[in-house]
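Trainee: Make the full structure from the sequences, and use the hints.
Chains D and S, in that order, are what the protein sequence lines are. Numbered according to this note's numbering, the first sequence spans residues 1 to 136. Numbered according to this note's numbering, the second sequence spans residues 1001 to 1555.
It should be emphasised that the hints constitute simulated quantities derived from the structure, not laboratory data. Don't take each hint at face value.
[Claimed, not checked] Heads up, simulated EDC-like pairs for lysine to aspartate or glutamate below, C-alpha to C-alpha not over 16 angstroms straight-line:
| # | chain 1 | residue 1 | chain 2 | residue 2 |
| --- | --- | --- | --- | --- |
| 1 | S | K1127 | D | E76 |
| 2 | S | K1457 | D | D122 |
| 3 | D | K84 | D | E51 |
[Claimed, not checked] Computed, partial: chain D to chain S, Cβ under 7 angstroms:
| # | residue |
| --- | --- |
| 4 | L16 |
| 5 | R21 |
| 6 | G41 |
| 7 | A69 |
| 8 | P116 |
| 9 | S119 |
| 10 | K125 |
[What the hints assert, rightly or not] Partner residues aside, some chain D positions facing chain S, computed with beta carbon under 7 angstroms:
| # | residue |
| --- | --- |
| 11 | G15 |
| 12 | G18 |
| 13 | A27 |
| 14 | Y39 |
| 15 | S67 |
| 16 | G68 |
| 17 | T120 |
| 18 | G121 |
Beta carbons are placed, not taken as given, at the ideal position from N, Cα and C, and that holds for glycine.
Chain by chain, the residues run as shown.
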Amino acid sequence: MAAERKIRILIGKAGLDGHDRGAKIVARALRDAGFEVIYTGLHNTPEVIVETAIQEDVDAIGISILSGAHNYVFPEIIRLLKEKGADDIVVFGGGIIPKDDVPGLLEKGVKAIFEPGTSTGDIVKWVRENIKPRGL
Amino acid sequence: MLFNREELEIIKQEKEKWDREYERFPKRDVTFTTISGMEVPPLVTPADLEGFSYLSELGFPGSYPFTRGVYNTMYRGRLWTMRQFAGFGSPEDTNRRFKFLLEQGQTGLSTAFDMPTLMGYDCDHPKATGEVGKEGVSVSSLADMEVLFSGIKLDEVTTSMTINCTASIVFAMYLVVAEKQGVGWDRLDGTIQNDMLKEFIAQREWICPPRPSVKIVVDVIEFCTKYVPKWHPVSISGYHIREAGSTAIQELAFTIADGIGYVEECIERGLNVDDFAPQLSFFFNVHNDFFEEIAKFRAARRMWARIMKERFGARNPRSWMLKTHAQTAGCSLTAQQPLNNIVRVAIQALAAVLGGVQSLHTNSMDETLALPTEEAVKVALRTQQIIAEESGVVNSIDPLGGSYLLEFLTNKMEKEALEYIKKIDEIGGIIKAIELGFPQKEIADAAYRYQLELDRKERVVVGVNKYVSDKEIPIPTLKIDDSVCDRQKERLKEVRRMRNSSAVRRCLQAIATAARNGENLMPYIIEAVKEYATLGEISDVFREVYGVYRDPGYF
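Mentor: Rendered as structure tokens:
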């Protein structure tokens, strides 16, 4: 029986923001839940995140932002994915993102924004239900 | 000893009886541990403190080992400094907030810089896109610093600046602003965080790898011992270690280990321990678990005193004193039901005061949502004022000293933190340990463990995993105007146009040469900022000479 390919997720930190507690916890929780996780480490540009995502052939990108730059970073990642024809990669995120900004981000194509206080169980569940291997 | 041998025997026997009774009754189905997972006994008696010596473990406030406080009079002499961290948008915006806080009775300034400033990029750098003025004030050149402190006499305030890999540059700008105000450097009082070790461990803002980063830290310390004697050139910080998810013991251990690291590097530089140690200062987190936190401050003072005296042979009592700032735990605040945060902050602030801190920042209730509004900051400051002037806890020094539980916890935390320090010594010191990722991995493990406890509801966060409300009442939040970035870029353009560019080039070159020769960089950086060389340009010199550090991405 051919093993089904594991879902691969890139967890990324964009911009100069150094708050990585949440990103690392989510990366670990997803790995423990059986997903393949690539963590970019800190201080990446949207370009590097998108390039890495494509190179690593991931199914989704999860971005953690606590710096207030979310209105720039998310739309930029989505724009670059489109430009490279990889907009079937799902983008989701979390961090300090004011409620008022969430509808705008969803409209621009972010699939989900997780607020502070979300349990890792809820994120794992959401990923299971919403992320499918690409090209299937 | 607290009790004579005979009485202690009786206490032990009685305690055994009590234990048997206690075992018979049902207990609530929860774990009785601190928020860090430390076991707390149901009852502590003198039997748990056998051999405890008042004189050697506690002593008196203002005397070795300073467990009960660094000053003889503590808050009867002077209250702690109420220092609210502030910074957002343009230097004009933050200057206005500073003046507001001073008018509200705040006694010291504390500056938050935005991410580009903290990471060594000017506001017009592509990497700064979207981040200018967002998490703090934007400073690219001396021109911004002049606006930031305009109308504030630098010898009449004490200023703290939270900045690290670019601390040398921003501090140089501050010195030049003072000079322009006619204030001598010997009259400047304040603190620059300048703690790179904890950046690699936890806060994660850096330019170069650990060793050259620490070299620049030591440059600032050495410079201050000579020219800015009242200044605290480094604030050895556990705050960010805790925010990254460490336990209280890890915070204590890694902070003291960082302190040991700096002392060793300064001695290596040829400095005499008593010439710089009195200027070292500390910065701890103050989290929810009340007694654990109070014990942490007391253990920290005792540990540092013993380390400075015994390990480093410091003779000046001021070298033994651990003076500390504290900030309530940002990571303990919840986005849900934000008004509850006022209560959390009050409990944490009370722990800091009972722990004997020298200055305190109380977080605002809205800080999980955005930078704080003026109204939220006011409540946070009032919290400190209520503790100081209404609660009465300031009347007697170290009022919980002698509590069986507190002394038990203080001893336990010291012991366990010393085990970590021993391990770090065995690894070959804190820099080596950081290069191997030891503290980083320990903290990531603790953070993950804590998150799983929350997810399993073994640990309660009110409003998040228990007592959840469906209807959230929104509170107003501060919005940073996107035009800040354009205005900052405009000023920077003007600076670049007006300055003497050949002088700037010469100054940058001089920094590079000094760096290659291993000289103290401070005098060269001061000359450069005077010529309006920018923060980004000077950081580029660091990048060029020392290389760039990349996050190994442990998780």
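Trainee: In ascending order, which of the hints set out earlier in this document are inconsistent with the structure?
Mentor: 10
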